[in-house]
Amino acid sequence: MHISGTVLLTAAMEPRLFDLDFQLLADATLTIIAVFVLFFCLSYFLFNPARKFLQGRQEKIAGELENAKTKEEEAAHLKEEYEAKLSGIEKEADEILNAARKKAIANESRIVAAAKEEAARIIERANVEAELEKKKAADEVKKEMILIAAAMAGKVAAASMDEQKQDALIDETLKEMGESTWLS
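Oh and the sequence shown: position 68 is 68 in my numbering, straight run, nothing missing.
Among these hints, one or two may not hold up.
[Stated by the list, open to error] Calculated cross-link-like contacts (lysine-lysine; reagent style DSS-like; alpha-carbon spacing at most 27 Å): (1) Lys-79 x Lys-69; (2) Lys-155 x Lys-142; (3) Lys-71 x Lys-85; (4) Lys-165 x Lys-155; (5) Lys-165 x Lys-142; (6) Lys-143 x Lys-165; (7) Lys-165 x Lys-175; (8) Lys-60 x Lys-71; (9) Lys-102 x Lys-142; (10) Lys-155 x Lys-175; (11) Lys-103 x Lys-116; (12) Lys-102 x Lys-116; (13) Lys-103 x Lys-91; (14) Lys-143 x Lys-175.
No wet-lab data here; the hints were simulated from the structure.
Whole structure, please, built from the sequences with the hints as guidance.
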């Protein structure tokens, strides 16, 4: 037995090529199963929520980027509208200024026409007053001539003069009155 026991012992002691035995295969299988179970558990409880969180974050960022792009387009559109309105306002302001100028010119023409009419009335009134003053002056001259004629008649009657003296007296009286008074 000695030989067969030594063969067995030497066969048990002899190194194997991969050193594979049943216990090693069972441990490796259990380790692989444990790693897969651990991987699936981690995947289900850790990786999937992390993926969902990252995917949600990506969607949120994509949505915010889209929202920002939309708002930027709206802002550009509003800017264009405001620029159009500003150019329209400039045109409208020019139209308002032109209308105001036309109105001012019309008011100026109306005021000048009213002033001319008033000036014409004042001149007419002045002419009428001048005519009245002229008639009044002529009436006074006539009254003065009547007084002078009466005074002259009194002198003629008092002096009982001849015709030459009367003519001289009339000429003297006329000279006293002045030619401009007599001719007007």
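Structure-based check of all given hints:
no., hint, in the structure
1, Lys-79 x Lys-69, "holds, 15 Å"
2, Lys-155 x Lys-142, "holds, 19 Å"
3, Lys-71 x Lys-85, "holds, 20 Å"
4, Lys-165 x Lys-155, "holds, 11 Å"
5, Lys-165 x Lys-142, "holds, 24 Å"
6, Lys-143 x Lys-165, "holds, 24 Å"
7, Lys-165 x Lys-175, "holds, 15 Å"
8, Lys-60 x Lys-71, "holds, 16 Å"
9, Lys-102 x Lys-142, "violated, 59 Å"
10, Lys-155 x Lys-175, "holds, 17 Å"
11, Lys-103 x Lys-116, "holds, 20 Å"
12, Lys-102 x Lys-116, "holds, 21 Å"
13, Lys-103 x Lys-91, "holds, 18 Å"
14, Lys-143 x Lys-175, "holds, 17 Å"
Of the hints listed earlier, the one the structure fails to meet is number 9.
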